[in-house]
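Protein chains in written order, with my numbering: chain A, 1 to 134; chain B, 1 to 350.
Subject to a maximum C-alpha distance of 25 Å in a straight line, what follows is the list of computed SDA-like cross-link-like pairs (lysine to any residue):
| hint | chain 1 | residue 1 | chain 2 | residue 2 |
| --- | --- | --- | --- | --- |
| 1 | A | K114 | B | S349 |
| 2 | A | K114 | B | L328 |
| 3 | B | K31 | B | Y336 |
| 4 | A | K18 | B | P71 |
| 5 | B | K330 | A | Q101 |
| 6 | B | K72 | A | P31 |
I should point out that these hints are in silico values taken from the structure, not numbers from a laboratory.
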Amino acid sequence: MSSVAREWREIPGRYNLKGTKCGNCGKIYFPGRSFCPVCRRAGIGKIEEYDVCRTGKVFTFSVVHEAPDCNNRQKPYAVAMVQTDDGVMITAQLVDVELDQIQIGMPVRAVLRKLDADGASGIIRYGYKFVPME
Amino acid sequence: MDVGIVSYGAYVPRYRIKPEEIGRIWGVDGKSMGKGLMINQKSVPSPDEDVVTIATEAARYMMSRVPSVDPKDIGAIYVGSESHPYAVKPTSTIVAEAIEATPAMTAADMEFACKAGTAGIQACMGLVGAGMVRYGVAIGADTSQGAPGDALEYSASAGGAAYLIGSENIIAKINKTLSFTTDTPDFWRREGQPYPLHGGRFTGEPAYFRHITSAAKMMLEAVGTKSEDYDYAVFHQPNGKFPTRVAAQLGFTPEQIQFGLLTPNIGNTYSGAVPLGLANVLDHAKPGDRIFVTSYGSGAGSDAFDITVTDDIQNYKRDNAPVLEKILEKVVYVDYGTYAKFKGKIVMSE
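Given these sequences and hints, build the entire structure.
The structure is reproduced here in structure tokens:
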């Protein structure tokens, strides 16, 4: 359970796949980071905001049977590593799909879904999950 | 200045439950219940869907059809619903963030039973017409509540549609809007209560029918038209029966309401109902088509709209997002147990 302030800081990435790109070497970071560990000093001042592509393909996936409380009304459910069309690897839940229909290479797109909530009175967390492309 | 619809987007969750299945649990002839209400099935949101996610999906579809519109030019976002996830904390700010329209804009949540979405369209028309904003977004979306075993449980469903209102490149001009509003307690939900109450048959004549026919007649008189002047008509649809009857009372044919009547296949999406019906009409509309729209919200009021589709709909990138008929093709039926789990009707340990 993260703090409200942390949740708020992560909104750009969670809602809109906002990452960063090093203007020196071109490497994309998601979640975004303000420092490029490859270029180090050479990348300082050259880190740009970057919109990660919202479409991609299932790189690999797994079906989860022992769910955390936030997902106990959805189990069993699939979690996939999705390789976005610009090459970023994102781990997220796959929803609105029959588990036996999921295939590696399947085209998917990011949608906004409810991730979790702090009980009945706490904050509700929203973020990306992936669904099959129409 | 012409004000109208620049873009629209619609979304309905993929799960469905049939009246027979609901009736099976409560010892009621669900098939007859469905037949009486003219409801074959209703949509059910998955556990990770709520008004925020439905409104966002509709709004993203809306924006994808107008790639030339910068979301930063949206000056207002109103989300109408009676199932906002928070009692205090706007749905509209979350949707605004999700379509990257923040921060130089205003936002608010609206609530007027089933007509909060059309109330948002009117508010946006005012702001655009007054030159206060370039674009306004009005969304009607709900994951509506029906008490277990109550007649409402056979109809209360989930879905929503979003409208980008502006004065440039409008695909449908809103020629006029007006409303008919009274204090009529036909349906309500008190603060903190999980399910609404309603006045049974009182929701018919003095509520739905009086307000819709009054607003509709006021509109026909104001613009000097007759029912036959319209290609399509959309009426609020708490079930299939009411809009069919009110259309006949006003002289509209079954053909005119055919595309705007979705409730028989998705149930009553409350604030989403008229916006979704209008979206399906716009999915089929061509230049010059005239559309008559009258919403209804308990409590009570009706908003009427006289709309003409423009030539710009031919250049509109409708295919950038799925049309409603395609969205409604993806259907997965659930039993009552799954429905109860998805809707959070089963009390879980913390």
